[in-house]
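Novice: According to my numbering, the sequence shown holds residues 5 to 146 in order.
By construction, these hints were calculated from the structure, which means they are not laboratory data.
Remember, it's a predicted structure, so these values are computed and weren't measured experimentally.
Treat each hint with caution, since some may be false.
[Said to hold, decoys possible] Straight line, CA to CA, 20 Å or less: simulated DMTMM-like cross-link-like pairs of lysine to aspartate or glutamate:
#, residue 1, residue 2
1, Lys105, Glu132
2, Lys16, Asp69
3, Lys140, Glu52
4, Lys123, Asp135
5, Lys139, Asp119
6, Lys105, Asp46
7, Lys139, Asp69
8, Lys105, Asp133
9, Lys123, Glu110
10, Lys16, Glu52
11, Lys114, Asp135
12, Lys140, Asp119
13, Lys105, Asp119
14, Lys139, Asp116
15, Lys105, Asp116
16, Lys105, Glu55
17, Lys105, Asp135
18, Lys105, Glu131
19, Lys114, Asp69
20, Lys105, Asp134
21, Lys114, Asp54
22, Lys114, Glu30
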Amino acid sequence: MISIASAPVGHKHLSQLADWFIAQWEPVDVYRGAQPGFVVPDPLIATEQDELLGGLALSRYRAADGQQLAMWINALIVTPTHRGRGIASMLISGAERQAVKVQETEIYAKTDVPDLYRKLGWVALAEEDDDVILKKVLSVGA
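Let the sequences and hints guide you as you build the complete structure.
Specialist: Pasting the structure below:
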């Protein structure tokens, strides 16, 4: 059974997740914790029988459609051998729950796989190079 969980600083899978992010993109800040005046939830990991299948990191950046800081999915990865099992969707849904826990009313992502997000109720805001910027309005307190 696939499990989605927070990976606080020092978690045994966090270093491997960071290595995957760096190999896929460029240096990625996997965990920033608190940024000035804001809480950033721990990264999320997907595991099955203690095997790391993928993960997701959150950050705070300026909202795509405003000046305020907003929660963003900074990085999302699922190992190629485990793709097609709904793990990325589970991680995105987990990120939405994490954002709600810290009273966020919306969450953003910039991705080259926008259909993954659209099927989860995200709305495209803009295209930038080969990526799409998406947003989801969250129900805080629901």
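Novice: Among all the numbered hints in the text so far, which are the ones the structure does not match?
Specialist: 1, 2, 3, 8, 13, 15, 16, 17, 18, 20 and 21
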